[in-house]
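Novice: Spelled out from the first residue to the last, the chains are:
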Amino acid sequence: MTTLSTSPVPAAPAQTAGPGAFRAGLGNIALVLLRRREVQLVVAILGLFAVCTGLHPQFGASSNIAFILADSTTIMIVAVGQTIVVLGRGIDLSVSPMLGIAAVSIGFPASMHNLNIWLALLFVLLIGIGLGMGNGFLVSVVGIPPIIATLATLTIYGGWQFIICGGMSVINIPAVYTNFGGANVLPGVPWLIVIGAGVVALAYVFLTRTVTGRSVYAVGNNADAAFRAGVPVRRVLFTTYVISGFLAGLAGLVYLCQIGSATSTSGSDGNTNLMSIAATLIGGTTLLGGRGGPVGSALGAVFLSEAAQALISFRFNEIWDPAGVGVLILIAVVADRKGAPVRQLFRQPFRQPAKAVK
Amino acid sequence: MSAIATSPAAPRRARVQTAGRQETTWVVTVAVLLVALLAYFCLAVPDFRELGASGILALCEQFLFTGLIALGEALVIFAGEIDLSTGAMSSLSGIVMATLWQHGLNIWLAVVVALVVAALGGAINGLLVTRFGIYSLLVTLGTQFIFSSVATAVGGNTPPYNFPKSFVNFAGTGTVGPVPDQLIIFAVIAVVVWLVLARTRYGRGLVLIGYNRAASRYTGVNVQRTLFSAFVACGLLAGIAGIFVSGFYNAARDDIGDSLLLPAITTVVLGGVDIFGGRGRMSGVIIATFLLGFLFQGLLIRGNSSLTATMIGGIVLVLCLILKIALDRRAGVRLRELLQRRFGSTQEAPAVPDA
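In order, the protein sequences belong to chains A and B. Quick note: the first sequence uses the working numbering, first residue 1, plus one each step. Quick note: the second sequence uses the working numbering, first residue 1, plus one each step.
The following block holds chain B by itself, in its conformation from the complex (with noise of 0.2 Å):
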């Protein structure tokens, strides 16, 4: 009897297993991936080999600020939501932290102004899509604009530039040995939000909403206090981006910030992180920032312009989408299914996953 009755969650239980390896042999893929890429470049491009060991980690802060983005970015993707003002909150940030300073306040002391403000901008969006029950995208669509007119009247015709030299070296191009600051900086804030994400009750929490809302809700999940808390760390997250972009360029600009939203999703995505929520690892997504990051300096140092190189990023985001859902389906994940779960309803509440 009781065979028969445990007998249909069986299958369910075991397509749960195979989601979970899936995600990991997703990492793993990226993981691959990145270094397949960097043995291409260093074997086929004569000028990246020539840069060395340091010179290849330097390239490093060409790109971690995006990938700051994609942390918090994918801490919202992963709750079933998703954050379009993050572009815009670097900006404000950025130009926050310079016209503060241009005014004569201490940079430290502006550079954590900037941040409150960015934190706020997150706690905006946080409010409105939690309190008054928003879909994230239409809010988030909104308060981008309103960000952005804010960071281009805050900074006036001539944003401020010429930051003083310890900041310039701490944000921007400072090193430790032969390892940038940023990249430290980074790894940091990476395994802090990777712990928080996989190894807390509140980061297993955040997954759950993003899996199944309701059954989060049963298992005594906060909902809306995480969703908000989730919102504010993208902000502060992409306020921090903010900073760094500014000092790596020793500028402030309104605009400096719009180029970073789309390969922050970019990454996200080919980290393996589901775009509707509850799947994948953030350590995909870090894998995958180093990925695109190489790949795209790679490119602009093969000698193709950056226009060319996005549109190959875009080219290969789609080949690893491609690749993702083959691998998906040799695990058990029929199209169908899969299709059914973008655009359609199941009649059953989707199970929990494990871990």
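Isolated chain A (complex conformation) (with noise of 0.2 Å):
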């Protein structure tokens, strides 16, 4: 769990023991503990599911754990992606048309000609570093803004996938795809929380024990003292665009083995790129980038995919479905901001220095 440990400031003892001290006790443990995001989404998926299972017995059934577990996994794949991005202080808006074309175009070749399911996994994987080596262009060599960029691709890509639907929609998919879908390795645990869970643990690797994903963090902090100090800025932003296609890529394949069908909206109409960029901010990474993680993001999918199943179990109508992820992410938000400078948020792309902006 040391995900934050780039970031400058872990002052969180220093306050809760008073300047200078630090009494090393249990409950001075469980306080910092707790202002560890991921602890406390840990905290809130464990006590909804408490409170939930309390009042209505069925939400705690091992199939609908299952359930909530199944329904995170796709965009618990795409948020990695997006916070590897979001960590390098870049964006990724892109996200739900390369879940889409990678879906529709495994998923015609799958229902008409039966396609091998791990050709299928090499094509999706492959779609997807295309589609993020374009985005991973537009914004490290030729230097447009990534939000920018991102939203271009995001039509460009958004068209293509239409394109290759050509008005028709994959449906029929080959037992393998949807019994590999349906699957569980135990009881409540569905085997696409494995996928899940490899992805977030390659990805913690990746961002902890690898050259390049400790310059993720030193880009994001601060690309210009990365530069100064040898990093390479710009194939460190590309690389982390290409991931994010990767990940979306095989978020494709996810999608199309847990719901059976794909078309031409899929990933744009289950509004992948706001849950993932939610996911990725209630996960306790900033948009500033330099802090955060993946283990959190993946925390926030299943919470966010929890809550959505809790709202219906309370009887709430689904169209304040919405409203409950805008409130989550509006909490998570403040809740961030109390540990952090404030000035610090004033200006977002340039992090200028303390005494200049008072």
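Simulated from the structure, these hints should not be mistaken for lab results. Heads up, some of the hints might be wrong.
What the hints assert, rightly or not - SDA-like mimics (lysine to any residue), calculated; alpha carbons at most 20 Å apart, straight line:
#1 B:Lys-324 with B:Arg-279
#2 B:Lys-324 with A:Val-142
#3 B:Lys-324 with A:Asn-172
#4 B:Lys-324 with B:Gln-22
#5 B:Lys-324 with A:Phe-137
#6 B:Lys-324 with A:Ile-147
#7 B:Lys-324 with B:Thr-24
What the hints assert, rightly or not - Reference excerpt, derived from the structure (chain B facing chain A, CB under 10 Å, subset only):
#8 Leu-37
#9 Tyr-40
#10 Leu-84
#11 Thr-99
#12 Gln-102
#13 Gly-104
#14 Ile-107
#15 Ile-134
#16 Leu-137
#17 Thr-152
#18 Leu-321
Model, not experiment: these values are computed from the prediction. Think of the CB as a built atom: it goes at the ideal place given N, C-alpha and C, for glycine as much as any other residue.
Need the complex rebuilt from these two chains, each delivered in its own frame; the hints are there to steer you.
Specialist: This is how it looks when you write it as structure tokens:
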């Protein structure tokens, strides 16, 4: 759980224990732990689960747990890619059509020619890498701001997805895919979430144990300083977008296995873009870059999925679903703000020297 | 002695002047592109040519609401912030207007109430940004979800349609001679917004906030209040756009504004406004509204599907940005400098822009 280790302000203990003194104690350790977003999320997930199960016992059924976890997997995988981009102080608004293109371009051969699932995996990954390279090129080679570059590719890739479909939808996916999408390792633990967890673990290792991964944090914290320290800033940024595309492609296959169909609006209709950003933010990664990690985002995705189910079990009309997500984002952001210097949020793209901003 | 002391400042001033010229160059470029586009469609697409002048003017009704949102969005972007909730805000204002009218309120009163709601929504965004100090991208990402939920809840299963003829005529499809009402109203609002931004103390302060927040505070700009008002104006303009959309389609829908947000931001960027604030011209945004709108409508008339047209819009955006970066580069801004401005910190505060 050292995802936050690059954060320059691990000042939490000093605040709880008063100036200059750090008293080790059980209560203190618990307080310090509770300041970690990952821990907060685990508590929130378990707490919500306990409350819902207490009020509606069927909420705790293993089939419901399996549904929540499987439902969160697509967003989880996309959110991990989004997190890596955001850590480098970028943003990827094109994940939804990348997911959609991957889903439809293997969906058609799968339903018509019974495409082997391993070949399908290879294809989605290649497609994802290709599309991600497009984003990486625009951001790190051409130099277009990420939010604009990926806004443009959002429309371009979205149009392409539409063209690939040509007015048709993917139906009748071979049973290999849907069986895999519905299969459980243990009661309540679907195979899909195992894939999701694997992705999170790999991303964690990548970000904390490889030179490129550490460089993502460095670039996100201060690209100028990173450049002067010899980090190949452009290459690192390029890599983050390729990874995001790669994972969006993988998520396309997961989506196909779970849903069993795909259309020209797959990805966009589930609000994949915003949900992945929401999971990232709720997971404690800041849009300023350089702080956060994939574990929080994965937990954020699970929490979002669980909250949606909870709203349903409390008989809320599903039209309040988006509002729930919105409130969660605002809560997460306000909670995050408490720790960080507010002034730092003032000017997102430039980190002004502290004295200049007062 | 004094020559030595002032010499470091000289290149910076030169660069600031170049920046001003670059902005003008870009506005001219966008205008030339617009003329070229219209010429191309008139020459190459017979269906477009046969519309005639009044038909081409009438096409404006299809995209001017995007332009209204873009004007408000530009105000916020000039100040270095962003508002992602404008699309949902348009839906909400349309739905509020329609629902109140359905419940027997006079339609014009309903319009006023809807605009007040929209301004209040903008005020919520502004409050969260200025008082709580949360970055606007996050605030408006959250409120976007909330506004659209409220719109769905207020609208119910079958949102109202078939408004009174006088309203549809005014806000939707009415014309004065060959000129659509919408175009006249858009022109008035656009000129007002442009004058406020370019010719008033308030407007210059707003741009300065985006250029250098610290400097704007030192020069006496009330940063919090100015930012807050920008968000209110943005919400209000999105609300007006929502009324126009509802009038044009003669129906209110809870998702009607969702498709307007991205084109609006595209318009602002195409108009040459720096997405990080502080640079650009409002006139560029106004021209870009027509460039993007005619591009889209022309492609539809040529027989392209709407998604293909959107895709071509994206490609045009990328090409325009590459062109802009190339022009900037020729004017002396190096790519590494651009990347640094985008991704890195600069030790010295950037210079204050002229005019």
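Novice: Which of the numbered hints above does this structure break?
Specialist: 3, 8, 9, 11, 12, 13, 14
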